[in-house]
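Protein sequence lines, in the order shown, are assigned to chains A and B. Here this note's numbering is used: the first sequence runs in plain steps of one and ends on residue 567. Here this note's numbering is used: the second sequence runs in plain steps of one and ends on residue 119.
Simulated from the structure, these hints should not be mistaken for laboratory data. A portion of the hints provided could be inaccurate.
To be verified - What follows is a list of derived Cβ distance ranges for each label pair: (1) K46/B x D400/A: 17 to 27 Å; (2) E456/A x S83/B: 50 to 60 Å; (3) N384/A x D84/B: 42 to 52 Å; (4) S83/B x D482/A: 43 to 53 Å; (5) D482/A x K68/B: 40 to 50 Å; (6) E456/A x D107/B: 51 to 61 Å.
No residue lacks a Cβ here, since even glycine has one placed at the ideal position from N, Cα and C.
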Amino acid sequence: MADTNTIIGDTILVQGNLQGDEDLTVQGRIEGTVNLSKTLIIEQNGIVKADVEISNAVISGVMVGNLTASDSVEITETGRMLGDIRSPRIMIVEGALFKGNVDMGDLEMPRPESTSSSAASDRRPAYTPRPLSRPEPKATPPSPSRPVARPAPAPAPAPAPMRVEKKVVSAEKPRPAKKKVVVKKRRH
Amino acid sequence: MANVIGSSIVIDGEITGDEDLVIQGTVKGKITLKESLYVEESGEVEADIETKNVEVSGSVTGNIRASDKVELKQEGRMVGDIKAPRILIADGATFKGNVDMDR
Chain A
380 MADTNTIIGD
390 TILVQGNLQG
400 DEDLTVQGRI
410 EGTVNLSKTL
420 IIEQNGIVKA
430 DVEISNAVIS
440 GVMVGNLTAS
450 DSVEITETGR
460 MLGDIRSPRI
470 MIVEGALFKG
480 NVDMGDLEMP
490 RPESTSSSAA
500 SDRRPAYTPR
510 PLSRPEPKAT
520 PPSPSRPVAR
530 PAPAPAPAPA
540 PMRVEKKVVS
550 AEKPRPAKKK
560 VVVKKRRH
Chain B
17 MANVIGSSIV
27 IDGEITGDED
37 LVIQGTVKGK
47 ITLKESLYVE
57 ESGEVEADIE
67 TKNVEVSGSV
77 TGNIRASDKV
87 ELKQEGRMVG
97 DIKAPRILIA
107 DGATFKGNVD
117 MDR
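So that you can see chain A by itself, here it is in the shape it has in the complex (with noise of 0.2 Å):
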């Protein structure tokens, strides 16, 4: 009996705050707080307006408010989140919609996944034609005549340079990439 898993259905709402040591699979709708220890999963129909203070964190459903969780945040293809995410491992894939700030603690622990990570968002910056709108062509001024040689050329400035540039076009824009995701979703 212990082992069961609390599941609140599809019908089922509610409000208040919620606690408790066991996973927790939300199918229907919560609004409130939600304080767990084990695993906070909200599946497709799910929809969460809470505070949530949690372990680890699966959301393919809506989730709206911030989020601590000690070990994990996944916002997989089907999710949606609003709100602040504060985790050491935050795991955010393809087709997931998430707005709001995100805070992953200390970044002195060495981590070898970031490596992987910083080049997939430079990779973002490289397919957004923002070079364009920049008046200035200081530094590459000979590179639109040889692109197809490298199809990154992100690596081959500093590092420093780069994070400027990155957040110039999130300060800029930040919608038109999630315009594409939007896009995407709405092909399935």
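Starting from the structure of chain A, add chain B where the hints point.
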């Protein structure tokens, strides 16, 4: 059963829904369902309950209003008023409160 509030779960607030609900944990507040509520032996409910059926094997403190039936099982403990057309209290159950079988 689709909906289970597990034994370590504590909910403080309101639960509403259209399907059966099994409570093994603790719920405080209010429960409104269109179907049946099962309070199992480990379940503790401190809430006003409005459902079709209620089956109490655990502990309920609060008032129950059921459109069909309330059943207090042998292990069940209940403090509060019950209003339902059919009310069953098994041998061994403890109950303190008012009973109203008017329709």
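Taking the hints in turn, this is what the structure says about them:
Distance hint check: the CB atoms of K46/B and D400/A are about 24 Å apart, consistent with the given range 17 to 27 Å. Taken as a hint, the range 50 to 60 Å is violated for the pair E456/A and S83/B, whose Cβ atoms sit roughly 42 Å apart. At roughly 29 Å, the beta carbons of N384/A and D84/B sit outside the given window of 42 to 52 Å. Distance hint for S83/B and D482/A: a CB-CB separation of about 49 Å, consistent with the stated range 43 to 53 Å.
In this structure the supplied range 40 to 50 Å holds for D482/A paired with K68/B, their Cβ-Cβ distance being about 46 Å. Between E456/A and D107/B, the C-beta spacing of about 55 Å keeps the proposed range 51 to 61 Å intact.
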